[in-house]
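There are 2 protein chains.
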Amino acid sequence: MSTRGIKFNTKHLRKGDPLPPYNGKLRLYNMRYCPFAQRTVLALIAKNIDYEVVNINLFDKPEWLTSKSAFGKVPSLEIKEGLSIYESLVTVEYIDEVYPQRPLLSKDPVQRALDKIIVEACTPIQNLYIKLIRFPKTFTEDTVTAYNKALQFLQEQLKIRGTRFFGGAEPGFVDYMIWPWFERVLSYQKIDSRAKIDAEKFKLLLNYLQNLKQDPVVKQYLIEEDVLFKFLEPYKTGGEPNYDLMLDA
Amino acid sequence: MSTRGIKFNTKHLRKGDPLPPYNGKLRLYNMRYCPFAQRTVLALIAKNIDYEVVNINLFDKPEWLTSKSAFGKVPSLEIKEGLSIYESLVTVEYIDEVYPQRPLLSKDPVQRALDKIIVEACTPIQNLYIKLIRFPKTFTEDTVTAYNKALQFLQEQLKIRGTRFFGGAEPGFVDYMIWPWFERVLSYQKIDSRAKIDAEKFKLLLNYLQNLKQDPVVKQYLIEEDVLFKFLEPYKTGGEPNYDLMLDA
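If you read the protein sequences in the order shown, they are chains H and E.
Sequential numbering from 0 applies to the first sequence in numbering that gives the first Met the number 0.
Sequential numbering from 0 applies to the second sequence in numbering that gives the first Met the number 0.
Just so you know, these hints were derived from the structure itself, not from any lab.
It cannot be assumed that every hint is accurate.
A pair counts as met if it fits within one copy or between any two copies, since identical chains are not told apart.
Subject to a maximum C-alpha distance of 30 Å in a straight line, what follows is the list of computed DSBU-like cross-link-like pairs (lysine-lysine) [stated by the list, open to error]:
no.: 1; residue 1: Lys148; residue 2: Lys130
no.: 2; residue 1: Lys79; residue 2: Lys202
no.: 3; residue 1: Lys79; residue 2: Lys148
no.: 4; residue 1: Lys60; residue 2: Lys148
no.: 5; residue 1: Lys106; residue 2: Lys235
no.: 6; residue 1: Lys60; residue 2: Lys235
no.: 7; residue 1: Lys60; residue 2: Lys200
no.: 8; residue 1: Lys24; residue 2: Lys106
no.: 9; residue 1: Lys202; residue 2: Lys24
no.: 10; residue 1: Lys14; residue 2: Lys148
no.: 11; residue 1: Lys200; residue 2: Lys10
no.: 12; residue 1: Lys130; residue 2: Lys106
no.: 13; residue 1: Lys136; residue 2: Lys218
no.: 14; residue 1: Lys229; residue 2: Lys218
no.: 15; residue 1: Lys6; residue 2: Lys148
no.: 16; residue 1: Lys202; residue 2: Lys6
no.: 17; residue 1: Lys235; residue 2: Lys148
no.: 18; residue 1: Lys202; residue 2: Lys72
Owing to the predicted nature of the structure, the values given are computational and were not obtained by experimental measurement.
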């Protein structure tokens, strides 16, 4: 549960489960372990918005999901009954614009462009994780090379900014958009050397990531390492993950 | 050459070629046949902006390219000396914001989100083309299925909007962002059935694409079919394409 009382860890709805009746609240279709949806969650927490979470079993999707998200993916944000927007970065930009408190992106178009470039540059970090977990056959030497190049670029950009976070003294758009991948990679590198972040070479970056992990927004939605590993276990055999490892009271 | 006198078809610079001296003008690092860079070009033409094109040989890149685009890709937009932004959609959003004439994206955050979702939904069209041309080994049945689903989604969205273009009576963000892929696919489907757009099933969509092809902005930057095929020829063997098939006087 969040400090605001939002219940994150609700049961994941599956085929046959009815669509919860619309109650006028902003609603997020989510999956508790989805790094893309986590981006939207972090933006919502950062802005202290009131909303509700409807968690989705992505292995056995409810029939009504495509009416909320055309491609049956999460996150999807229902902003009024029957009107949903999706794609993680699209939802975050929408949230940032419509809820002006605690701005995540700068008002300056150049700064905003530079932020988006950095997020885009982290795609190889995302790719490495997705390939490790979901598509091991597509994992190659190039996956690791691109990953390390992205880490290098990120560290350089951090050095150029010279601030504690990409967003300045507090985390902003870049920080929250890239965190979900690092949360997973930081855990995963302990059991798979291909995800390793070299401690010597990436000292500044790792120090930054430790600071980000302590951020009050990030802390509210962390997944414990052992829970993550337990969740990921069935992926190896193509089985159904246990979506409800964590449930709010 | 554009109706404004912008020279699009300049020689593509390669390793060893010096960086043209900065002259205070907005500058686009481009490759004449790159569909991503074409997005930026279409936005610049639509807004009737003054700028210059520096074309890049992507097979044998100039040493200075990474100082203009960290990953050595095009498009990159140099907005003042030494300050470049890249990633096609990032450049277009920047242009749309800084040059308010002929707005491409709506001012309404919901409408803007819906536009971006449609562009994102066209990724499988982009993927089909890229796989056909560059990565034939990764081309599968799924590539075609996803392509047809994207075409279907696009046609449905067009029907929902009920306008001539996604942008309304005139093309807007969605139209110009997806056009470069359709320009290629419409040609390519004639020589490869895997890229086929079913004439019966996608009548509305094809009619829309014919209208878009007649748009004065789109027309200024079209590549003739035979030129496209000639350009693509060396890709089959991994050879260097002839970047300078079209040269302005």
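- May I ask which of the numbered hints given earlier this structure violates, with the numbers listed in increasing order? Violated hints (numbers, rising): 2, 5, 9, 11, 12, 13, 15, 16; every other hint is consistent with the structure.
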